[in-house]
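Take these sequences, add in the hints, and give me the full structure.
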Amino acid sequence: MSQTAELKEREQKLQGMGTSLLRKEDARFIRGQGSYVADIKMPGMLFGAIVRSPYAHARIKGIDKAKALACPGVVAVLTAADLKPVKLDWMPTVGGDVQAVLADQKVHFQYQDVAMVLATDRAAAYDGVALVEVDYEELPAIVDPKKALLKDAPVLREDIVDKKDLTHGPRTHPNHIFTWEAGDKAAADAAFKNAPITVREEILNPRVHPCPLETCGCVASFNKATGYLTLYVTTQIPHLFRTVLAMLSGIAESKIRVVGGDIGGGFGNKVPVYPGYVVATVASIVTGVPVKWIESRIDNISTTGFARDYHGVGELAADKDGRIKGLRFTALADHGAFNSHVSATKFPAGLFSICTGSYAIPNTYCRVDAVFTNKAPGGVAYRCSLRVTEAIYLIERMMDVLAQKVGVDKAEIRRRNFVKAEQFPYTTGFGWTLDSGNYHAALDKVLKAVDYEGLRREQAAKRADPKSPTLMGIGISTFTEIVGAGPTKVCDILGVGLFDSCEIRVHPTGGVIARLGTMTQGQGHSTTYAQIIATELGLPASDIVVEEGDTDKAPYGAGTWGSRSTPVSGAATAVAARKIKDKAKKIAAHLLEVAEGDLEWEIDRFKVKGNPSQFKTMKELCLVSHTGNLPAGMEQGLNAVAYYDPPNLTFPFGAYLCVVDIDKFTGEVKVRRFYALDDCGTRINPMIIDGQVHGGLTEAFAVAMGQQLPFDESGNHLGNSLMDYFLPTAVETPAWETDHTVTPCPHHPLGAKGVAESPHVGGIPCFSNAVIDAFAHLGVTHMDMPHSAYRVWQKCNALGLNKR
Amino acid sequence: MIPAAFDYHAPRSVADAIKLLGQLGPEAKLLAGGHSLLPMMKLRFAQPAHLVDLGRIAELRGISQVGNEIRIGAMTTEHELLSSKLLAEKAPLLVEGAGWIADPQVRYKGTIGGDISHGDPANDHPALMIALDASFVLTGPKGERVVKADGYFLGLYSTQLAADEILTQIRIPVPAAGSGWSYQKLKRKTGDFATAATAVMLQMKGKSVAKAAIGLTNAGPTVLKAREAEAYLAGKEINDASLNEAARLAMKICNPTPDQRGDADYKRAMCGEMTRRALQAAHARAKA
Amino acid sequence: MAKTQKVSFKLNGKPVEATVEARELLIYTLREKLAHTGPHIGCETSHCGACTVDLDGMSVKSCTVLTVQCEGAELTTIEGMEQGGALHALQQAFHEEHGLQCGYCTPGMITRAYRLLKENPNPSEQDIRKGIAGNLCRCTGYQNIVKAVQSAAKKLAAAR
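Protein chains in written order, with our numbering: chain A, 1 to 804; chain B, 1 to 288; chain C, 1 to 160.
Keep in mind the hints are simulated off the structure, nothing from the lab. Built from N, CA and C at the ideal position, the CB exists for glycine as well. Check the hints yourself; a few may be wrong.
Claimed, not checked - Residues of chain B clear of chain C, computed beta-carbon distances all greater than 12 Å:
no., residue
1, Gly-67
2, Gly-155
3, Ala-163
4, Arg-171
5, Val-174
6, Ala-176
7, Gly-206
8, Ser-208
9, Arg-227
10, Ala-231
11, Asn-239
12, Thr-257
13, Asp-263
14, Lys-287
To be verified - With a cut-off of at most 20 Å between alpha-carbon atoms, the simulated EDC-like pairs for lysine to aspartate or glutamate come out as follows:
no., chain 1, residue 1, chain 2, residue 2
15, C, Lys-33, A, Asp-39
16, C, Lys-6, B, Asp-53
17, C, Lys-3, B, Asp-7
18, A, Lys-609, A, Asp-598
19, A, Lys-41, C, Glu-32
Structure follows, in structure tokens:
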């Protein structure tokens, strides 16, 4: 065997970074052996089912439990009054507000939790729910956030009517939560005053729901003898969850164990701590037996973490060539009944100020006003970092609006305004330092791949033909994401910094177990992290076991959301592995009787420079590290733990292009082609990356084309089952073409940036831009999502395009 | 999402089922494929004290031709319609229509009789039945009666089926050789009910329409037969002008209910559009 | 005490018996009484297909079938796909083509594809997309699921 072939074989054996290693987690899932929360069955376990409000806004005049308690199998009915003695009728939120665990005197949104029925079996619990009699007095509801701050608007939150400040600055109205600003308003205003071209558009990111296939639920098990609480729960943040439980319950955090298990998709929906978890926990503490609560799909869509509901206004000022000179973006945010929307403490509007996107824009200003309405609270980041989809949707839409106003091509307007490759690291007007990028190259690669000029020619021909039954639209999105929260100096939740962690233990025969503070929900962490360790330590990925989600086992971390796993925990993994490698190197030098500086690393071994026959493989060093033959004073073992505090967030980017054909007579939009180029820096497992992109694009397609939570004027849900809420099937879902460039992150130990959210954030504006582009020649500059056939037809009809 | 308690009955014959219905009275409901009823029961919108499952009655299944008539047992599933060679040859409209219903799993359980008996204007079979000029065999304590599809559907969830009767068989006259057919359905996604849908059977004589039969799904409180459009088309050639007029006449009788699928204007327009497309497709398939 | 009855059927080739109320849905009997937690619950309104099982040669959503309707039936679930220690070609293909992520839809998806390939051993991409349209997946965007079913179909054909 030649030397290079031998090296190659050794490298392939590791299945490390850059290889499409098949997923380690599949083995149990393809056999139906996943272990999800709903699968758990414990002796003596009670079932909890929740009584929910039929009204969006009502006073509770009384709750009669008698009939429910008489129902066979029903053990107890818990209401706010029962939670009061343990001070758990209300709970603090991460947004600086408080939230009713069970409705106390008033309900503030339809389907709000009013009581929990505990029974010996599931059917009896639901029988009990039907028998709890609640006397309501209906009150006028606020559904439209634009009406929340009117002088005569009904006051929703009587409980905090005297609070002048919900930790994010002064409130101006009882229904006002906060006003948050960033940038330089005076400079932006001046830029608009002097600019030859300005554009303005009202742009809605409608209220949507992440809707993972598994709903939320838990099994709470409190042991009265030991005082030890175990909570099996559908959570993306097991450690933070444990901290919250400790804060809420007063139980020592060391006596609480939170177990995530397998999670059937999260997409942000499984970040919050929901009332059902808290009530089930209280119920187990009170009864001393395990209590299981699993929500229905309708409950999931109606009450748990929604996303978006940002009513935005975008404004750009530019010179006559379309070079942007100023940006003003504002949004009215509908936070629902309680301010429990997920955010880092210092960022009440999340990372909305990433709204300059991929462009070099001076004179920037943005502002978000948040208000209460009679809708479910939440405000999670649906497959994105907090408020990033909202921000990127605005800028990517506004780039098209500007192009149309200036009269230049939509690719060209982007080229003229991109941050140039040589400008990185580039600090935006809002103070974010974009780590690395090559936006021009990415866009050019996509345009070439799809024959952009040819597509525009075809479109021009179609537009010239009045008999064409279809409209053709071409959408471009050249987005920049912000992920990997985040540096502890700016990012915390409830005071806990958003670092993350990895602990690695190497066993004598070379097997490895790694434990992390993140929580996979399908992203393939067991495989990706193993590959990082395989490359770093030269041990085969097949022998590396990854464990997450059990707070008794894994080191502390902030969990998986905001594409933070690879940027933060991936980095922690590399750092921990490198600590081990450093120690192994000392042992190798000791064994080979050379100085450390005389050694070099080669795939899976340290060898003596200039004397290749002298080496020690990592596998050999694993065993030696467990003997007494070590450098003087060195402890046994090859273990390390790393807590990684990222110096910056990471900024993945991409260039997407979508071609749609619209049926003028039905309004149906057919995606003819979608080409997605992603740059997430160093690529650890290309197969998994492609899978994440497919999934993210599909969710983007769902949001852009059909998802919206509809309400009537009284705040009643009009579509909260999977009959109405749009989750595309294989038939509706387009085929995806993927591509990539690689621009490594300069501050990440592996150069990686995170990818799973890019296709969602970048995909949504791409679909919208394509649909609206189909009407651009008719003077249309914007249409709100979702682009359902009904809505698109309304546009066709208004423009007279559907005349026979 | 758990139904209220009920008693379950699984008779083995139509006679036993009818006897049970008589004994149990209005507290009993018939269970066919269950994909409309069981979700309603899980939400406790329906709480029957008794379910009479027709799934064990062998005589209610099967597709056959008797003389110039196709006979389909009411408990024949959508999947069985889709796989039927006889239907593919003699009444392909029914096969095409069944393919638009729900999704594969639901089609294994969903039955033609259940779809028709429910009286839901959003269901697909009523319009197919209207276009195919079908008749229904209703069996009760006093025996059988046969009623035409045209006239069977009285209103929202209301049909000629009496409380003590069971829809046992669907009878379809074998369409004339060379008939064109089409079911055009606009829906938001797989598994959804129609925003609008139109079923068409079309016989041509030379270049002109000899006979058109048109059924409209989800265009009003019950399935609609587009009589004026049918009458107008007789003797006409199929061209832009006649398609537009037929679509206009179909739209004229629509009274759709606004919902998340669209407002009345949209649904009416889509009824016209589906009618137009169904006529076009049927015309392309028809042989004079 | 609620009225219950005994129901007997074959589950993955083995005779089983369960005592249930008439209102008990098959998915709960399988998951909670018969320890078959492979089929999952995703929507309870027969839209998502996570609960798909094979019942007498039909793919059905077990959240919308009463257990009492299954007397004498033959049921196959994801747990019955592996035969004699060998994975079914579909299970292998889902792994090899990265046809799953969170794994929640996977048992229903594979069980549905199993029946699809029995009825149509050589499906086109469109046949597959239509054939699995009763099963929702939120993670994969279906592209790799379609590839997995195609790949399994080829392997099964080659083995015949």
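Cross-check of the supplied hints:
Its beta-carbon lying about 31 Å from the closest one in chain C, B/Gly-67 satisfies the requirement of being farther than 12 Å from that chain. A cut-off of 12 Å between C-beta atoms confirms that B/Gly-155 is not in contact with chain C; the least separation is 25 Å. Non-interface call for B/Ala-163 relative to chain C: holds, since the shortest CB-CB distance, roughly 22 Å, exceeds 12 Å. At roughly 26 Å, the least C-beta separation between B/Arg-171 and chain C is larger than 12 Å, which holds for a residue marked as non-interface.
Every CB of chain C is more than 12 Å from the CB of B/Val-174 (nearest about 27 Å), matching its label as outside the interface. Annotated as non-interface, B/Ala-176 keeps its C-beta farther than 12 Å from every C-beta of chain C; the closest such distance is 31 Å. At the 12 Å boundary, the C-beta of B/Gly-206 stays outside the reach of chain C, the nearest C-beta of that chain being 36 Å off. For B/Ser-208, the non-interface assignment is confirmed: its Cβ lies about 36 Å from the closest Cβ of chain C, beyond the 12 Å cut-off.
With a cut of 12 Å on Cβ distances, B/Arg-227 stays outside the contact zone with chain C, its closest approach being about 34 Å. Residue placement check: B/Ala-231 keeps its beta carbon more than 12 Å from all beta carbons of chain C (closest about 37 Å). Separation of B/Asn-239 from chain C is adequate, the least Cβ-Cβ distance of about 32 Å exceeding the 12 Å criterion. Under the 12 Å C-beta cut-off, the non-interface status given to B/Thr-257 relative to chain C holds; the minimum distance is some 20 Å.
Against the 12 Å criterion, B/Asp-263 stays outside the reach of chain C, whose nearest CB is about 24 Å from its own CB. Even its closest Cβ contact with chain C, about 27 Å, leaves B/Lys-287 beyond 12 Å, as expected for a residue assigned away from the interface. Taking the CA atoms of C/Lys-33 and A/Asp-39, the gap is about 11 Å. The hint holds against a cut of 20 Å. Taking the CA atoms of C/Lys-6 and B/Asp-53, the gap is about 17 Å. The hint holds against a cut of 20 Å.
Restraint check: the Cα-Cα separation between C/Lys-3 and B/Asp-7 comes to about 8 Å, which is no more than 20 Å; the hinted pair holds. A distance of roughly 6 Å separates the Cα atoms of A/Lys-609 and A/Asp-598; the hinted pair therefore holds under the 20 Å criterion. With a CA separation close to 8 Å, the supplied pair A/Lys-41 and C/Glu-32 stays within the 20 Å bound.
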